[in-house]
Each structure stands twice: as C-alpha cells, then as structure tokens.
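> Can you make the complete structure from the sequences, with help from the hints?
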Amino acid sequence: MSLLEMIAERSKIDPAQFSLPDLLAEQALAHVRMRPGHRFNRMIAECLAAEVLRESPTKAIHYAQQLLDHGVSEDLLLDGYIAGAADHLGRAWETDRLSFAQVTHGMGQLLEVAHHVMAAPPVSSFMKPDRPRALLARAPKEEHILGLLLTAQKMRHAGWLVRVELSGDITKLAESSDGQGFDLVGLTASCGERLRGLKRAIAASRRSLPKAKVILGGHMVTAHRDTAELAGADLLLPRGSNALKSIANTFNIGDV
-15 MSLLEMIAER SKIDPAQFSL PDLLAEQALA HVRMRPGHRF NRMIAECLAA
35 EVLRESPTKA IHYAQQLLDH GVSEDLLLDG YIAGAADHLG RAWETDRLSF
85 AQVTHGMGQL LEVAHHVMAA PPVSSFMKPD RPRALLARAP KEEHILGLLL
135 TAQKMRHAGW LVRVELSGDI TKLAESSDGQ GFDLVGLTAS CGERLRGLKR
185 AIAASRRSLP KAKVILGGHM VTAHRDTAEL AGADLLLPRG SNALKSIANT
235 FNIGDV
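Going by the working numbering, the residue at position 63 of the sequence shown is 47; the numbering climbs one at a time, nothing skipped.
Think of the hints as simulated: they come from the structure by calculation, not from any bench.
Remember, it's a predicted structure, so these values are computed and weren't measured experimentally.
Warning: the hint list may mix true and false statements.
To be verified - Here are the in silico distance ranges between beta carbons for each label pair:
1) K195 - E39: 44 to 52 Å
2) G224 - T88: 21 to 29 Å
3) Q164 - N236: 14 to 22 Å
As the list claims (entries may be wrong) - When the alpha-carbon atoms are kept at most 27 Å apart in a straight line, the in silico BS3-like pairs for lysine-lysine are as follows:
4) K138 - K197
5) K125 - K156
6) K43 - K138
7) K156 - K138
8) K229 - K138
9) K125 - K138
10) K229 - K183
11) K183 - K156
Even for Gly, the Cβ is constructed at its ideal location relative to N, Cα and C.
Shown next, in the form of structure tokens:
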C-alpha cells in the first residue's frame, strides 16, 4: 500500500483528490498558522520547491499567495522561501535526485512566482531626483541568477535605476557600463570556480566605471568567503543580508 493510500484509508479521503506535495504544503501552512512571528521554516521552502516542479506555476503561485495571506512578509517570502526553494532544487541536482532539465524548469517557475508576488515599483520611485544607478550582472559561466533578479527588483522599488546584464560576457559587460555613470556594479557567483571570471569582470567594470563601487553576492560569498575576498570587490553580501541597507551604510548610496 502506498503512502497516499494509507493516508486516504485513515482519513477517508479519495487519494486521487490530493497529492503528496499538496498534503505537505497544507501541513506547512498549518504550521505557519500555529507559530506567531513567521520565522523561516525549511519545510515551507521544500514544499514550494515541490510545487514549482509541476508543469504549470499555477499551484506554486497560489501557495505563495497563501503564505502572504497567512502573514508571511514579502521579504521573507522572497529572501527566505523562494531563495530556500532554489537552494533545495540546487542540492537535489547536485545529489542526482533531479535532472538539470527539472531544475531549470523549477527555477523558471520560481521566477514566475517572484514576479507574481512582487508588486510593481510605485510611480513615485521613478520621480526621485538624482536616483542612484546600478548595473547588475551575471558573472562569466554563472548559472544562478535568481538572487540577482530579485535584488534588481528591490532596488527599483527603492527608487534605483537598474540595468541587468545577463550575458555573462566580459565585452558586453564593459559595453553596458561604458559612459553610463553607474554608481554601483553588482555581480553574483555561486562557487569558487567562478573566481577567474569574476576577477576579469570586476577589472573590466573598474576600467569602464572607475568611480563605481563593486559588490559581490551569492552562495560563493556565504560558503567560500576566503575565495570571494580574492575577487577584489568593495563589498561582499552573503545570502540573507539586506543588500540595500548594507550598500547605504557602507557607501552612503541610496536610502536605508
């Protein structure tokens, strides 16, 4: 007898009417209801990861909306649960529990979820004089860009003018930055193997934008900080840090 059949027999529910991801998601939501404060719960992130592996993002979007309806903040949903779901998918790929195609599909669905739950930047944010300007770019050969895109959207909400360069090509990065007057260049990397490309990207950015500050974020900073420090960035942002606050406090750029 399967797990679903056992559950159905004990609960008197037709097993065809629910799935294991549905059941786990409902248990996680119940846990949110029982605990005030809504601290990060890994089970919720894993449930969201299961939802984004479906063919359509509809149920994943619905689940994310339920979390918001239960009092989970947008920041916790984006920086905690969506980022946590991405980590879960990555670990599943590394341990051969998911294929590259499945993980790519899931990551794409997570972006759909993020775009759905994030409100559009207020019109007032585009009307601020002397808006800070940022160029956010994918490091050469880097595949993980979810955090970069979420950071870009948060910056726009805070009134930043943001350009995103996802080619991972040093020449295109230099072309994007040349003469644009960016205050900040942000790069992301997931592992130490990206160090060589990062150094080249940072050197190219400094040639094109000598006055701009360079920041580096991503899993590499969290798990391999000693290696990340060799890249030559002005500021390292580990996973879970408040990027806008750190930038404002360190460089006096933008609002806290």
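> Against each hint, give a clear statement of whether it holds in the structure.
For each hint, the structure was consulted:
no.	hint	verdict
1	K195 - E39: 44 to 52 Å	48 Å, holds
2	G224 - T88: 21 to 29 Å	24 Å, holds
3	Q164 - N236: 14 to 22 Å	20 Å, holds
4	K138 - K197	18 Å, holds
5	K125 - K156	14 Å, holds
6	K43 - K138	24 Å, holds
7	K156 - K138	24 Å, holds
8	K229 - K138	11 Å, holds
9	K125 - K138	24 Å, holds
10	K229 - K183	25 Å, holds
11	K183 - K156	15 Å, holds
Of the numbered hints given earlier, the model fails none.
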